[in-house]
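Taken in order, these protein sequences are the chains called D and G.
All residue numbers for the first sequence refer to the numbering used here, where the first residue is 200 and numbers rise by one.
All residue numbers for the second sequence refer to the numbering used here, where the first residue is 112 and numbers rise by one.
A hint or two may mislead.
Not the full set, but computed from the structure, chain D residues with beta-carbon under 7 Å of chain G [claimed, not checked]: (1) Glu-315; (2) His-368; (3) Ile-370.
No farther apart than 27 Å at their CA atoms in a straight line, the calculated lysine-lysine pairs in the DSSO-like style are these [claimed, not checked]: (4) G:Lys-472 / G:Lys-396; (5) G:Lys-628 / G:Lys-571; (6) G:Lys-231 / G:Lys-272; (7) G:Lys-402 / G:Lys-472; (8) D:Lys-421 / D:Lys-337; (9) D:Lys-375 / G:Lys-472; (10) G:Lys-472 / G:Lys-571; (11) D:Lys-381 / G:Lys-472; (12) G:Lys-402 / G:Lys-415; (13) G:Lys-633 / G:Lys-571; (14) G:Lys-415 / D:Lys-375; (15) G:Lys-571 / D:Lys-416; (16) D:Lys-421 / G:Lys-114; (17) G:Lys-127 / G:Lys-114; (18) D:Lys-375 / G:Lys-403; (19) G:Lys-403 / G:Lys-415; (20) G:Lys-231 / D:Lys-337; (21) D:Lys-416 / D:Lys-337; (22) G:Lys-396 / G:Lys-231; (23) G:Lys-402 / D:Lys-375; (24) G:Lys-415 / G:Lys-396; (25) G:Lys-231 / G:Lys-114; (26) D:Lys-416 / G:Lys-272.
To be clear, the hints were calculated from the coordinates, so they are not data collected in a lab.
Every residue gets a Cβ at the ideal spot worked out from N, C-alpha and C, and that includes glycine.
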Amino acid sequence: MKAPLHPLTLWIWALLLAIGVITLNSSWVALFVVGVAVAVYLIRLDGAPWNATFWWSIRIALAIVFIRLIVGVVIGVPIPGTTLFSIPRISLPQWMPGIRIGGDVTLERLSSSAHEGLIIATLIVLFGAATALTSPHKLLRVLPIFVYEIGITLVIATSVFPQLAQSLHRIRNAQKMRGIEKISLRTIALPLLEQSLSRSLLLAESMESRGFGVHGKRSRYKPSPWNLRDSVVVLASLSFCIVMVAA
Amino acid sequence: MIKFSNVSLIYPQSTKTVLEDLSCEIQEGEMVLVIGQTGSGKSSLLRLVNGLVPHHTGGILAGDISVDGISTREVRPGNLAHLVGIVGQNPINGFVTDVVEEELAFGMEALNIPHDVMRKRVEEVLDLLGLNAVRNRNIATLSGGEQQRVAIGAALVMHPKVLVLDEPTSALDPIAAEEVLSILHRLVHDLSVTVIIAEHRLERVIQFVDRIIYIEGNGETSIGSAEEILARSTLVPPIIRLARALNLQEIGTSVRDVRRHTSHLRDIPTPESDLTTITNTSTWKTIVDVKKVSLSYGQTEALKQVSASIASGEIVAVMGRNGAGKSSLLELIVGLHRPTHGSVTVLDQDPSALHGNARRKMIGYVPQEPSDLLYLQSVAQECHQADSDSDLTPGTTFSFLGRLVPNISESTHPNDLSEGQRLALVLSIVLSSNPDLLVLDEPTRGLDYQAKNLFMLALKEYAQTLNNPVILATHDVELVAELADRVIFVAEGEIVADGCTLDVLLSSPAFAPQVAKVMSPKPWLTVDDVISALGTQP
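Produce the entire structure from the sequences given, and follow the hints as far as they go.
Encoded structure:
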């Protein structure tokens, strides 16, 4: 068991570093911050189900850098400099000046695309780490009450998806056993829709009979304490942020 | 505590009155059982208590229900949350959070109960229901019995005066069911909680209840002590059928009572067990052969080195606790999974390699949720589809269905059928292709005694006239006693017992049917066994 952080700590950390990275706008610092995020993730990993989402944010970040590079090569404002290679240029009508498709690809153009992609990717990795390391349920609990109401609907909505997948699996299996081999919308969608609707009704019924939404205020069963280590993390990232903004 | 005054209930677009002019009063600390056929309105009656009917579901309500002096007409169900705790039929559908402790606290948080009170009550309930060991676990990973206890706990933390439960043991094995029921018994006696419970398996609950509300189906209801109602009801547990068959003067609701009334019968000497079924084993042919099969999902081993063979004409019940590996065994036999080690053959073929028509002709499978198989808009369409799938003359499937449930309407949507009717429909569809093997997973969940009888007749006919084997996984010991020739008992992924029904059921007190408990040490499982052993007039 790791010493628990306040659910907001890592989000503040991610936010402060993100501000720093954007203002400083340097690829090297951005790369360094990505390294820090990965390190923090590996240190704080605790085996919770949402931990796995971090690798998805890494994948998304890589995809973004990649897409930005492709777009940078194919479309873009010509930046003069060392030409690396040329691709055939498609001529555009006169009324679209400044944009071109194809043409010479210069080192400068490539590096500026990579740089922009990297900054966006860094933000995604930072917030990806915060999401992956904070329990969404605990996070919800520290948010103000009006967010809580929206949040709980979101949590329920997300819990419905794994259930839907389960139902789908079951229905598919049952129908395979009836000799229905083809997956068709008609055979699957109807039972699935029917099951998920009746399940949502049951959930709503259970929430209603347990007093959900009766009181304007909610009490909290397990308040999350703000500890010294939370202050340390926030202060460290704050000073880091100030240094980056000032530089 | 709860007062029904002239309550009538009808749902719009329905011609059937659910309840008509029900008046009764339920006292504090009373345990009341609601019985009736499937679809007779038991769930509606339960939901009237906290106002879910009509506030949540609609319906036209006449008369008034008051709980602790508050009329359910005037407040929303949420305003009764501190007074009435309700536990639904399938608790997993009602869980809002995913950790046990947070689930218990959810209702109290909603009512803005102070933090220190919440901590104390959660600890209390964890201890009361024996949930302390799983307090930090994810609810989805708990067993059925534990989930049911969490659901009861989530209602209890609100310190309700009334606890309402809709078929709390229908998905549980006999041992887990006993746990849940003894907890309810304790709540009634120690804390004077009023408990209202609906249940089909009367044999499990009847000994605990003070009074019964019997919904007769046409809106009429009667309320009275267990003995009064059961003396004339058509829905009775085996113990009452035994008393009726033996013409006993008094009927008792517990095994102990009936044992006292029948002590003279057990002393009658009867010829040494002639119960060994005389069957000509030479005509038996092995249909299913399971050889040293292991199955694992990721890290967990669901089955370990299991071997069994099933011959033609046998009805085999697979029993065991929740999560013991019953469903895994069935799924291997029907070919949903391939074994990790070992081999499974059905008529010398690999069942997982079967497709389409060949599969329909060889294996009939009724899944745990029969409605998974249904996707058309009416009973007629489903039957027609089944006819054309297996090249039958149109109408064959429907006429078969008509024999199982006589007055079923062709135009009904499958969702609007009662549980019993839906099972009958699925069974007719599955049997329309005349499969060589029939496999059913928990078929009698939610069936009343009459529906269960029809179902048993259909299965017996299939097994005897066509000489085909039937395999069913079930928790229902009474069903097994009446129906099965052989029982395979599974525990922790291993077969721990495999033998004729009599031997296996009698060897474990938890799995013994009521009649066997009454008549022990005589080896009789069912009312028919007793009658045939004692002759016609005892």
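Consistency of the hints with the structure:
1. Glu-315: 39 Å, violated
2. His-368: 10 Å, violated
3. Ile-370: Holds - the Cβ of Ile-370 (chain D) comes within 7 Å of chain G, reaching about 5 Å at its closest.
4. G:Lys-472 / G:Lys-396: Since the Cα atoms of Lys-472 (chain G) and Lys-396 (chain G) sit roughly 18 Å apart, the hinted pair holds (cutoff 27 Å).
5. G:Lys-628 / G:Lys-571: This hinted pair holds, its Cα atoms lying about 25 Å apart.
6. G:Lys-231 / G:Lys-272: The hint holds at about 18 Å.
7. G:Lys-402 / G:Lys-472: 23 Å, holds
8. D:Lys-421 / D:Lys-337: 9 Å, holds
9. D:Lys-375 / G:Lys-472: Between Lys-375 (chain D) and Lys-472 (chain G) the Cα gap is close to 13 Å, so the pair holds against 27 Å.
10. G:Lys-472 / G:Lys-571: 19 Å, holds
11. D:Lys-381 / G:Lys-472: Holds, at about 18 Å.
12. G:Lys-402 / G:Lys-415: OK: Lys-402 (chain G) and Lys-415 (chain G) at ~11 Å, within 27 Å.
13. G:Lys-633 / G:Lys-571: Holds - the C-alpha atoms of Lys-571 (chain G) and Lys-633 (chain G) are around 25 Å apart, at most 27 Å.
14. G:Lys-415 / D:Lys-375: 26 Å, holds
15. G:Lys-571 / D:Lys-416: 59 Å, violated
16. D:Lys-421 / G:Lys-114: 38 Å, violated
17. G:Lys-127 / G:Lys-114: 24 Å, holds
18. D:Lys-375 / G:Lys-403: 26 Å, holds
19. G:Lys-403 / G:Lys-415: 8 Å, holds
20. G:Lys-231 / D:Lys-337: At roughly 21 Å apart (the allowed maximum being 27 Å), Lys-337 (chain D) and Lys-231 (chain G) satisfy the hint.
21. D:Lys-416 / D:Lys-337: With a Cα-Cα distance of about 18 Å, the restraint between Lys-416 (chain D) and Lys-337 (chain D) holds, given a limit of 27 Å.
22. G:Lys-396 / G:Lys-231: Status violated; Cα separation ~63 Å.
23. G:Lys-402 / D:Lys-375: Satisfied, since the Cα-Cα distance of roughly 24 Å is no more than 27 Å.
24. G:Lys-415 / G:Lys-396: With a Cα-Cα distance of about 26 Å, the restraint between Lys-415 (chain G) and Lys-396 (chain G) holds, given a limit of 27 Å.
25. G:Lys-231 / G:Lys-114: At roughly 32 Å apart (the allowed maximum being 27 Å), Lys-114 (chain G) and Lys-231 (chain G) break the hint.
26. D:Lys-416 / G:Lys-272: 24 Å, holds
In this structure, the hints that do not hold are numbers 1, 2, 15, 16, 22, 25, in rising order.
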